[in-house]
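2 protein chains.
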Amino acid sequence: MKITRIRDAVAPIPSPMRNSVISFDKMTISIVAIETDVVRDGKPVVGLGFCSNGRYAQSGIMRERLIPRVMERDAAELLDDDGGNFSPQRIWAAMMSNEKPGGHGDRAVAVGAIDMAVWDLVAKIENKPLWKVLSERFNSGAHLDEVLVYSGGGYYYPENEKTGLIGEMERTRALGYRLCKMKIGGADIDTDRQRIEWALGVVGAGQNLAVDANGRFGLDEAIAYGRMLEEYDLCWYEEPVDPLDYMAHAVLAETTSIPIATGENLFSTQDFRNLLRHGGLRADRDWIQPDPSLCYGLTECLRIIELAKTMGWERLRTVPHGGHQLGLHMAIGLGLGGTESYPGVFQPYGGFADDVEIVDGMTTPPEAPGLGIETRAKMIGDMRERLELG
Amino acid sequence: MKITRIRDAVAPIPSPMRNSVISFDKMTISIVAIETDVVRDGKPVVGLGFCSNGRYAQSGIMRERLIPRVMERDAAELLDDDGGNFSPQRIWAAMMSNEKPGGHGDRAVAVGAIDMAVWDLVAKIENKPLWKVLSERFNSGAHLDEVLVYSGGGYYYPENEKTGLIGEMERTRALGYRLCKMKIGGADIDTDRQRIEWALGVVGAGQNLAVDANGRFGLDEAIAYGRMLEEYDLCWYEEPVDPLDYMAHAVLAETTSIPIATGENLFSTQDFRNLLRHGGLRADRDWIQPDPSLCYGLTECLRIIELAKTMGWERLRTVPHGGHQLGLHMAIGLGLGGTESYPGVFQPYGGFADDVEIVDGMTTPPEAPGLGIETRAKMIGDMRERLELG
Numbered sequence: 000m001k002i003t004r005i006r007d008a009v010a011p012i013p014s015p016m017r018n019s020v021i022s023f024d025k026m027t028i029s030i031v032a033i034e035t036d037v038v039r040d041g042k043p044v045v046g047l048g049f050c051s052n053g054r055y056a057q058s059g060i061m062r063e064r065l066i067p068r069v070m071e072r073d074a075a076e077l078l079d080d081d082g083g084n085f086s087p088q089r090i091w092a093a094m095m096s097n098e099k100p101g102g103h104g105d106r107a108v109a110v111g112a113i114d115m116a117v118w119d120l121v122a123k124i125e126n127k128p129l130w131k132v133l134s135e136r137f138n139s140g141a142h143l144d145e146v147l148v149y150s151g152g153g154y155y156y157p158e159n160e161k162t163g164l165i166g167e168m169e170r171t172r173a174l175g176y177r178l179c180k181m182k183i184g185g186a187d188i189d190t191d192r193q194r195i196e197w198a199l200g201v202v203g204a205g206q207n208l209a210v211d212a213n214g215r216f217g218l219d220e221a222i223a224y225g226r227m228l229e230e231y232d233l234c235w236y237e238e239p240v241d242p243l244d245y246m247a248h249a250v251l252a253e254t255t256s257i258p259i260a261t262g263e264n265l266f267s268t269q270d271f272r273n274l275l276r277h278g279g280l281r282a283d284r285d286w287i288q289p290d291p292s293l294c295y296g297l298t299e300c301l302r303i304i305e306l307a308k309t310m311g312w313e314r315l316r317t318v319p320h321g322g323h324q325l326g327l328h329m330a331i332g333l334g335l336g337g338t339e340s341y342p343g344v345f346q347p348y349g350g351f352a353d354d355v356e357i358v359d360g361m362t363t364p365p366e367a368p369g370l371g372i373e374t375r376a377k378m379i380g381d382m383r384e385r386l387e388l389g
Numbered sequence: 000m001k002i003t004r005i006r007d008a009v010a011p012i013p014s015p016m017r018n019s020v021i022s023f024d025k026m027t028i029s030i031v032a033i034e035t036d037v038v039r040d041g042k043p044v045v046g047l048g049f050c051s052n053g054r055y056a057q058s059g060i061m062r063e064r065l066i067p068r069v070m071e072r073d074a075a076e077l078l079d080d081d082g083g084n085f086s087p088q089r090i091w092a093a094m095m096s097n098e099k100p101g102g103h104g105d106r107a108v109a110v111g112a113i114d115m116a117v118w119d120l121v122a123k124i125e126n127k128p129l130w131k132v133l134s135e136r137f138n139s140g141a142h143l144d145e146v147l148v149y150s151g152g153g154y155y156y157p158e159n160e161k162t163g164l165i166g167e168m169e170r171t172r173a174l175g176y177r178l179c180k181m182k183i184g185g186a187d188i189d190t191d192r193q194r195i196e197w198a199l200g201v202v203g204a205g206q207n208l209a210v211d212a213n214g215r216f217g218l219d220e221a222i223a224y225g226r227m228l229e230e231y232d233l234c235w236y237e238e239p240v241d242p243l244d245y246m247a248h249a250v251l252a253e254t255t256s257i258p259i260a261t262g263e264n265l266f267s268t269q270d271f272r273n274l275l276r277h278g279g280l281r282a283d284r285d286w287i288q289p290d291p292s293l294c295y296g297l298t299e300c301l302r303i304i305e306l307a308k309t310m311g312w313e314r315l316r317t318v319p320h321g322g323h324q325l326g327l328h329m330a331i332g333l334g335l336g337g338t339e340s341y342p343g344v345f346q347p348y349g350g351f352a353d354d355v356e357i358v359d360g361m362t363t364p365p366e367a368p369g370l371g372i373e374t375r376a377k378m379i380g381d382m383r384e385r386l387e388l389g
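Keeping their order, the protein sequence lines are chains A and B.
The opening position of the first sequence corresponds to residue 0 in numbering that gives the first Met the number 0, with each subsequent residue numbered one higher.
The opening position of the second sequence corresponds to residue 0 in numbering that gives the first Met the number 0, with each subsequent residue numbered one higher.
For the record, the hints were derived by calculation from the structure and aren't laboratory data.
Take the hints with a grain of salt, since some may be wrong.
Each pair may be met inside one copy or between any two copies, as identical chains are not told apart.
What the hints assert, rightly or not - Keeping only pairs whose Cα atoms sit at most 25 Å apart, straight-line, the calculated SDA-like set for lysine to any residue is:
| no. | residue 1 | residue 2 |
| --- | --- | --- |
| 1 | 99 | 301 |
| 2 | 25 | 58 |
| 3 | 1 | 359 |
| 4 | 25 | 4 |
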């Protein structure tokens with residue numbers, strides 16, 4: 000049983016919107032295929048993966064460092080003890096050999112894309128959906144029968160803020176979402192308050208709306224927004240300040256009652272440990288949001304969830320960022336609080352199976368083996384073409 | 000006045016040694032040339048830069064993200080207010096546009112290599128050594144007339160630890176170095192104690208030896224080593240634990256009296272702020288060691304030094320990592336505590352001018368414009384060839 004080839008390609012996912020910090024008009028991601036000599040249904044099994052939006056493609060790091068390190072190992076070194084399947088942990092360790100500690104950035108994204116393909120591969124070899132593999136290995140066989148998916152969106156519409164935002168929220172609700180997220184911090188506080196009221200007019204009061212500042216605010220402004228947001232019954236206040244400014248998080252948690260959410264821009268167990276040690280977050284209400292495809296993959300994300308548990312955080316407080324199938328499988332198989340989705344943007348890579356049904360904000364476990372990328376016609380077509388898969 | 004082209008290339012710097020964490024046998028760096036239409040002595044001025052050892056070449060990030068962002072700006076946007084020279088801060092901001100907060104890793108290395116070339120360019124246009132530009136802009140015209148350079152080294156010699164280490168230390172002393180650094184953590188504590196005593200037999204007691212664990216230890220082992228090291232009068236104990244484990248630094252600073260040094264694997268102002276806020280370091284004895292070519296360049300490193308000042312750290316407590324000419328110019332022009340050097344390794348990129356004189360561990364300000372890479376025959380030859388410069 001061996002890996003015969005690892006391919007990668009760049010997929011552009013330009014999107015016209017911007018958040019309060021960056022524009023997505025030149026956004027790209029890396030896509031990955033791991034080819035093996037394992038045969039299922041007469042065909043070699045191929046693991047597929049990609050990295051989330053926001054951090055660009057990582058061909059250089061994958062081609063120059065990670066892929067050669069995996070391919071030069073003896074095949075047996077990359078398998079589980081009983082040799083029955085590939086070992087995500089051993090492949091991960093091979094990728095990270097001769098890498099120094101600290102500096103968790105683009106490297107984590109590159110590892111994450113390959114690691115996603117490894118887990119897809121492992122689940123396909125077991126002929127199970129990934130959530131079931133995760134449930135068996137890391138959740139004593141338990142899983143969620145339905146899981147929250149919330150919509151990331153609520154963009155700015157410079158030409159027509161009111162009708163643009165209301166229209167988007169109405170379309171999102173029509174797709175079955177209950178909890179919707181919207182951007183803040185790209186306008187002044189009074190404009191954002193007005194936008195929040197417009198959005199609440201569609202989604203309704205009572206934990207149906209979350210807001211996201213994308214790490215833009217200094218502490219003063221973050222506190223001012225926090226006080227404004229407390230007047231509404233919002234689900235959370237996401238990335239109020241720089242993701243690495245732990246002390247600012249702690250001050251904010253002391254001065255406002257609104258739940259805080261953060262984590263998509265922390266890329267390692269070390270960074271999450273610092274957030275939970277120094278960030279003053281409240282395990283009874285705040286949210287941690289790692290993106291498994293950005294933070295060295297599911298393999299590292301499992302360490303982060305385990306660490307959070309030792310520090311008093313139930314798995315239900317974790318809601319992965321990224322709006323991809325990996326987050327969905329993790330939420331179901333590990334029993335997390337839900338996962339993100341991006342209706343209509345970052346296509347064809349955002350979202351879940353083509354036939355996914357979302358009812359009152361919840362969806363049910365998919366049945367296809369692995370991540371189920373093959374159940375998404377446009378995405379699998381795009382991957383086959385760009386990766387030159389047969 | 001405009002940038003006409005930015006070239007990059009990969010330079011292999013394989014070295015046979017390993018520290019306690021990684022091997023350097025496949026180490027590479029990126030080298031950079033910024034070509035302009037500015038003419039000095041009848042030739043266009045070219046800025047040269049590179050990234051330090053330890054983090055590999057970064058062609059992908061430079062070519063796909065950073066270089067296009069600089070080249071698509073209007074030329075005037077990249078100049079100082081008076082249009083008389085390029086603005087490192089504006090070029091830096093262009094490189095970092097549409098980059099999200101957090102995730103400070105390989106991106107910081109890629110920015111650092113280009114930023115080094117920008118500062119070389121700016122100083123060449125002023126026809127001054129870089130230290131003089133830094134002195135005028137950031138040190139009220141003051142500079143050091145002589146500066147400490149210490150040797151990074153003290154490797155393991157698996158076949159003959161005693162004669163290997165002693166021989167290396169004798170060669171280093173013969174080159175003029177006074178303060179020498181050696182690796183620890185790659186053997187058991189008793190072996191390392193013996194190695195320290197062998198090294199002290201050459202360099203002599205009294206702040207002439209520093210030790211470097213490269214972030215390998217857990218807290219227990221770090222404390223045990225700290226207690227052992229206290230018995231000798233060492234200059235510092237470098238990277239005892241994971242560079243991002245601030246709490247472990249704080250515990251270590253409480254439990255041992257030996258000076259702690261760290262910073263080469265922190266790549267942003269945010270990370271250094273966390274170290275100084277949460278790491279419990281002692282401003283009267285500990286050392287901070289940013290590598291300007293790894294942490295988003297001199298432009299960001301100036302912010303780190305300024306931040307450290309507001310938190311009670313004198314500039315003399317900063318000793319840049321990396322063993323390159325940029326660290327030397329910074330130490331002289333900004334008045335830092337010294338800089339690192341790697342006699343004999345990472346060639347031709349490690350080290351200073353070919354005619355540098357080191358006497359009792361000190362050297363004097365170089366006179367060539369810019370970084371003075373042109374005063375190093377092998378290095379400039381290698382760069383000209385790999386970058387296909389005329």
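Against the structure, the hints come out as follows:
When the C-alpha separation of residue 99 and residue 301 is checked against a cutoff of 25 Å, the pair qualifies both within a copy, at 21 Å, and between copies, at 24 Å. With identical chains, the CA atoms of residue 25 and residue 58 are at most 25 Å apart both within one copy (16 Å) and between copies (18 Å). Proximity of residue 1 and residue 359 under a CA criterion of 25 Å is satisfied in neither setting, with 44 Å inside one chain copy and 57 Å between copies. Taking the closest pair of Cα atoms, residue 25 and residue 4 come within 25 Å of each other only across two copies (21 Å); inside a single copy the shortest separation is 29 Å, beyond that limit.
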